[in-house]
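Enquirer: Sequence:
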Amino acid sequence: QRPFVVQSDEMTVKTNSIILATGATAKRLGIPREDEFWSRGISACAICDGASPIFKNKPVAVVGGGDTAVEEAIYLTKYASHVHLIVRSAAMKASK
1 QRPFVVQSDE MTVKTNSIIL ATGATAKRLG IPREDEFWSR GISACAICDG
51 ASPIFKNKPV AVVGGGDTAV EEAIYLTKYA SHVHLIVRSA AMKASK
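Here the numbering used here is used: the first residue of the sequence shown is 1, the next is one more, and so on.
Just so you know, these hints were derived from the structure itself, not from any lab. Note that the Cβ used here is the ideal one computed from N, Cα and C, for glycine as well. One or more hints might be untrue.
Label-pair distances were calculated between CB atoms; the ranges are [stated by the list, open to error]: (1) N57 with S89: 28 to 34 Å; (2) C48 with M92: 35 to 41 Å; (3) R40 with S89: 42 to 48 Å.
Capping the alpha-carbon separation at 20 Å, the derived lysine to aspartate or glutamate pairs in EDC-like fashion look like this [what the hints assert, rightly or not]: (4) K27 with D9; (5) K56 with E72; (6) K93 with E72.
I would like the entire structure built from these sequences, with the hints used as guidance.
Expert: Given below as structure tokens:
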């Protein structure tokens, strides 16, 4: 029932919307020299880094077979010359 009431020890806030931002942790691959190239060619956020000159009109690879990997691969088609989707497990887990 609106408005929602969010209450802490210090204040009470009434609002019609609540956004839960739970955060995300990038999954590292554990490949040689990964730390050296993190944020210098290896990224965990296509939205954050996809339009950067380092990826623009270049072939890129997305590792993963779940919804997030597929969404990021589709997003990167706007910028990269070619997007490779590397699925390490036996089957894709992304929803249809």
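Enquirer: For every hint, state whether the structure bears it out.
Expert: Verification of the supplied hints:
1. N57 with S89: 28 to 34 Å: 30 Å, holds
2. C48 with M92: 35 to 41 Å: Once the Cβ atoms are compared, 24 Å apart, the range 35 to 41 Å for M92 and C48 is violated.
3. R40 with S89: 42 to 48 Å: 27 Å, violated
4. K27 with D9: 35 Å, violated
5. K56 with E72: 15 Å, holds
6. K93 with E72: 14 Å, holds
Hints 2, 3 and 4 from the list above are not met by this structure, while the remaining hints are.
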